[in-house]
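Asker: Here are the chains, one letter per residue:
2 protein chains.
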Amino acid sequence: MARIAGSSGPRTEEAIRRAGLRLIATHGYAAMSLRQLAAEVGIQQGSLYNYFRNKQEFLFDLIRGHMLDLHAALDAALLAEGSADARLTRFTEFHVAYHVERPQEVFICYSELRSLEPDNLAAVVAMRRDYERKLGDILDHGRATGEFRLADTRMATLAILAMLSGICTWYKPGGRLSTDGLQEIFTGMVLALARGGATETVAVRPRRREALRAGIG
Amino acid sequence: MARIAGSSGPRTEEAIRRAGLRLIATHGYAAMSLRQLAAEVGIQQGSLYNYFRNKQEFLFDLIRGHMLDLHAALDAALLAEGSADARLTRFTEFHVAYHVERPQEVFICYSELRSLEPDNLAAVVAMRRDYERKLGDILDHGRATGEFRLADTRMATLAILAMLSGICTWYKPGGRLSTDGLQEIFTGMVLALARGGATETVAVRPRRREALRAGIG
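Same order as they appear, the protein sequences are chains A and B.
Residue 1 is where the first sequence starts when you use this note's numbering, and the numbers rise one by one after that.
Residue 1 is where the second sequence starts when you use this note's numbering, and the numbers rise one by one after that.
In case anyone wonders, no lab produced these hints; they're calculated from the structure.
Hints may be right or wrong, so weigh each one.
In this list, chains with the same sequence are indistinguishable; a pair is considered to hold if it fits within one copy or across any two.
[Unchecked claim] No more than 35 Å apart at the CA atoms, straight line, and that leaves these computed lysine-lysine pairs for DSBU-like:
(1) Lys134 x Lys172
(2) Lys134 x Lys55
(3) Lys172 x Lys55
Bound-form chain A, shown alone (with noise of 0.2 Å):
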């Protein structure tokens, strides 16, 4: 959230900014006002108006600067060279670690875009497509150095983000998994998937299987 005016600095904002995350993760956008929100944060529904102009700002605000943040971190961290494998690798821990961190921003950033006016819908696809182009490239030249066999890298894409993305749903930090141990399983998962296997088929069929253990294959 850009501030507009007032005086109440960055500590309110980050107040707003949390408090709005958990009502629309709790109860929906819509369902949303802005006076349970400035109660939320404990100040004046007036002084939230310092912060953006109008609840749409508001939501658009949130994704916004999640996917700004996001853009900002995974530049940060991805390998400008190396082989495919290893930036696939670094690109799988870096969004795992990231996301596990912030499951109500992912819950939002997707159950929301319904609620995004057409513009702020647009420049919010504008920069989902360019954070998938950034995993789309890295599988692009896996497959130009041969090292990925895929079918589809822009599949792919979308397979590998929803795979990932996914563990927000269902990971409860403290559990039997450290965010180590889920980047270790899901990157092998990955790394499995960007290698390929498409184009093989079942090369044993079980009667077949059956026939050679009976010796008769």
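Given chain A's structure and the hints, the job is docking chain B onto it.
Answerer: Relative to chain A, chain B alone:
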């Protein structure tokens, strides 16, 4: 929905279900009023109570009904025997085809779990677990036969379901891919993921590679 009384019949019931799906998917459960739902269907609000007792029961019926239909359809589609590869292929083809036709149900079953009262949530979570277990059993079977190499079949189950259900967030019927095309590409990726590579790590890390290039490795 189990119809409680009245005489409008299954067509009204189906109209209520469809209108509810559309309203909840568009505005969220908390923002939908039963007045709005009745108006959408073109009946009196009081007539809704021939079909459910309250808004919570309506949401639960929507989600439970979807899960019951899903289980029945899966059980009819699954292979009772065969290689893990063949069984996983069948599961994947089923899951893709079933879900791309029901994007609103998929969205609500994910985004409105938050709105279910504890007992209802517990019932839905149990049905989801049961669905996950059916995929998990195939992965465990494949690991036992040596067809699949997976570090963690529970994580793989959740990864595969997120990857496949994620299709609903971007797939538009009539686009460049048919359902057949989707099934083929996603089956390829799911099989590649399951067949593994999970234990392989990237052999040469970038820094080491740079050192090698500089002749100081």
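Asker: Could you run down the list of hints and mark each one as holding or not?
Answerer: Now the hints, each set against the structure:
no.: 1; hint: Lys134 x Lys172; in the structure: both (28 Å within a copy, 23 Å between copies)
no.: 2; hint: Lys134 x Lys55; in the structure: within (31 Å within a copy, 43 Å between copies)
no.: 3; hint: Lys172 x Lys55; in the structure: both (30 Å within a copy, 30 Å between copies)
When the structure is compared with the earlier hints, no violation turns up for any of them.
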